[in-house]
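Asks: Residue numbers (the numbering used here), protein chains in the order written: chain G, 8 to 417; chain A, 1457 to 1630; chain V, 3 to 207.
Just so you know, these hints were derived from the structure itself, not from any lab.
Among the hints, a few may not be true.
[As the list claims (entries may be wrong)] Pairs of lysine-lysine residues, derived as DSSO-like cross-links and limited to a Cα-Cα distance of at most 30 angstroms, are as follows: (1) Lys145/V <-> Lys276/G; (2) Lys130/V <-> Lys42/V; (3) Lys391/G <-> Lys368/G; (4) Lys66/V <-> Lys391/G; (5) Lys316/G <-> Lys42/V; (6) Lys81/V <-> Lys266/G; (7) Lys206/G <-> Lys233/G; (8) Lys22/V <-> Lys316/G; (9) Lys298/G <-> Lys130/V; (10) Lys110/G <-> Lys315/G; (11) Lys257/G <-> Lys66/V; (12) Lys130/V <-> Lys233/G; (13) Lys391/G <-> Lys22/V; (14) Lys233/G <-> Lys368/G; (15) Lys162/G <-> Lys1606/A; (16) Lys42/V <-> Lys233/G; (17) Lys322/G <-> Lys145/V; (18) Lys42/V <-> Lys391/G; (19) Lys259/G <-> Lys22/V; (20) Lys391/G <-> Lys81/V; (21) Lys110/G <-> Lys130/V; (22) Lys259/G <-> Lys130/V.
This one's a predicted model, so the numbers in the text were calculated from it and none came from an experiment.
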Amino acid sequence: MSTTVKEIQIGDVGAQAASHANNERMSLNVGPSHPTTHGVLRLLMELDGDLITRCEPVLGYLHRGDEKIAENMTYNQFVPYTDRLDYLAPLANNVAYAITVEKLAGLNLPERCEAIRVLVCEMARISSHLLGMGVFGMDAGAWTPFMYTFTEREKLYTLFEELTGARFTTSYTRIGGVARDLPDGWLPKVEKFVDELPKAIDEVEKLLTRNRIFLDRTEGIGTISKDDAIAYGLTGPNLRASGVDLDLRKDKPYSGYEKYEFDVPIGTKGDCYDRYLVRIEEVRQSILIVKQVIASMPSGLWYAEDAKKIFAPPKEKVMTNMEELIQNFMIVTEGPQVPSGEIYFEAENPKGALGFYLVSKGGGVPYRLKIRAPSFCNLSILEKLVPGHMLSDITVILGSLDFVMGECDR
Amino acid sequence: MISNEVGYNSKIEGEVIVTRADSVINWIRKHSVWPMPMGLACCAIELMASAASRYDISRFGMEVMRFSPRQSDCMIVAGTVTYKMAEVVRRIYDQMGDPKWVVAMGACASTGGMYRSYAVMQGVDNVVPVDVYVSGCPPRPEALLDAMMKLQGKIGNESSVSNLSKKPESFKVS
Amino acid sequence: MIDDDFVNALLHERDFLSIKHREDCLTLNCSPDSLVDFCKHLRDEQTFDLLMDLTAVDHGEEAKDRFSVVLHFYSLVHKSYIRIHVLCPDSQSPSIPSVSSVFPAANWHERETFDMFGIEFSEHPNLKRILMWDDYPYFPLRKEFPLAGIEVPLPAADVAEVTGADVDPAPMMGGPFVASGNSRMSEAEPRAKDESWTEESEKPL
């Protein structure tokens, strides 16, 4: 009986481990596939017993080439790809992308369209934070809040499905408006949902916020100072938990956000517990915004009527009039005609500031589209943040940063 | 007299059921498939939703989502497989113990989906043998449950007894 | 406030700067050698301490200066953005100084720009690929690189040996479908950009 000898490459982690054979250091690879549901992130760590001395994140396991794809798709064809960037709040990505292109084209949107976009953005924020906090609880060892938040998210999914046709990955916005108007009877359902939501959040809070085990696991862990947060380009709830007052909805309002009253929660210490508290409070503020939008929903059109070469005309006119038929054909085949120039626009997504840098040389296809992903910037602080903590703090820190690899790797 | 009822009467047969070994082995295997969720992208969220309370996957005995390949039966590849990640998927597949099955969930795992680009492997079946493909972007939890039921049907038709004495072969794409 | 006084004070005695345009935000051209000092000035004196984005644009193989690096800064005090364009002097092996000593956020952005375009950032602490695997030989976002990709071996040799898989190009059935503008309606129908090959028939050499 012969045995075949085969050489395997165990890679750089193995080489490091071999070099540590005489010390007490250990190399550990928290591999790309691991139970924290944030996705495929690999951490190469060096441990001294239980204490982490070095941590190097390796990305790129979900790099799908979105930016190269954007150079080959028309503006409207790229909207489904924006869904899958931050796939926990797809509607917010759609809105951010649409506003970028509309700003470059110089379009003014009617009030109803802007109000619809604010409404779906805030619902997406509720959805993303609910999942973020449910999974954060699960990372710290609590299974029940995950189930409670997912039940609420299922109600949101039903609402999204009625509005757009898909549970998530909605592709709801178009350049110049939204895909369709609100269905009849949808707004009262949303109102009923947000009336019942505070109770569900109270239940989650009862389980986590004053829980001794949760406090021990999250207080004082993963503290990010104000200067560090600004230096490493953090945005969103992570930055606000460290004490910096930056919320793009208040500082650079877009899509009619200036009409609504809401507070922005700011943390003090910048540890994991603060990030959790900031997100829970943001959900409550989003509920307020949703109620205001429903109460004041203006009537009118849901698309920009003067966007002649950009937004496809309504189907009844396309089927009967020659001019609209030609416009529809040109927009679908060549793409919305956007003038040449460059623009950078950032929207306040649940994860942070999602920015689109668009360079256009005219025509229906962008020349260069750069997606500034909040999770990419949020993760760059890991190399500095993690050393000095214990191995069991890793899941808690990753959970509190609330990142999504879909937008990190694009 | 031919009876249409299930032929087990405890007074007649005692506590003994006589059947084929395959039936018993397959019945046990298909009603406790422990999935290993290879959740890579957006499909992982629908996988989690199918494990949550509304589309309870626990009805099928599959709520035990073991992230360790040693303790699981079925790998559900949910999400886009990039070339950088393909090696990891294959290694984890190799670490699973026989018998094992693979479900390619979603368009990206089946054929690359809408990402026809330089970095995306056009289908996970280039590196692992797939038993059930689920279409959808992302597939609804009901679609995933339907796929798991089809997998159960496939497991029920296997000839497990003859497989017990077979040596595992390495997978080679022709 | 980014008004004319601010702009004039900023450009005063800085002849390495010039205004490109002020359409959506103040956009300046900067020369590569003075970039790091100007960034330090922006961060310390002008309160632009948040580096939001650092990326590059490829102007095409025929352009005189092919690559330009674009930086976006945000100021919490002025509540507005500033954009800086830096042209890389050498189009064959582009290289500009790294700003990661001034803004740690630039570290990963510069790695990504190197990964996608091949622009070297001198004095970067750890310039290696971040999104593609380390041995990948091409720079994907350059204009001459096709979307479908170029065939290379799979990064893990043992997996490739067992499964026979490798990194195959994934063409969009003959190329992306686009409609050419400025022509007669009958020719404006969408057709494959490159009609000489499909998945069944090979590309002619």
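Asks: Taking the hints in turn, state whether each one holds.
Replies: Cross-check of the supplied hints:
no.	hint	result
1	Lys145/V <-> Lys276/G	46 angstroms, violated
2	Lys130/V <-> Lys42/V	25 angstroms, holds
3	Lys391/G <-> Lys368/G	40 angstroms, violated
4	Lys66/V <-> Lys391/G	40 angstroms, violated
5	Lys316/G <-> Lys42/V	44 angstroms, violated
6	Lys81/V <-> Lys266/G	19 angstroms, holds
7	Lys206/G <-> Lys233/G	33 angstroms, violated
8	Lys22/V <-> Lys316/G	28 angstroms, holds
9	Lys298/G <-> Lys130/V	48 angstroms, violated
10	Lys110/G <-> Lys315/G	15 angstroms, holds
11	Lys257/G <-> Lys66/V	42 angstroms, violated
12	Lys130/V <-> Lys233/G	29 angstroms, holds
13	Lys391/G <-> Lys22/V	37 angstroms, violated
14	Lys233/G <-> Lys368/G	40 angstroms, violated
15	Lys162/G <-> Lys1606/A	28 angstroms, holds
16	Lys42/V <-> Lys233/G	19 angstroms, holds
17	Lys322/G <-> Lys145/V	37 angstroms, violated
18	Lys42/V <-> Lys391/G	22 angstroms, holds
19	Lys259/G <-> Lys22/V	23 angstroms, holds
20	Lys391/G <-> Lys81/V	28 angstroms, holds
21	Lys110/G <-> Lys130/V	35 angstroms, violated
22	Lys259/G <-> Lys130/V	35 angstroms, violated
Checked against the numbered hints above, the structure violates hints 1, 3, 4, 5, 7, 9, 11, 13, 14, 17, 21 and 22; every other hint is satisfied.
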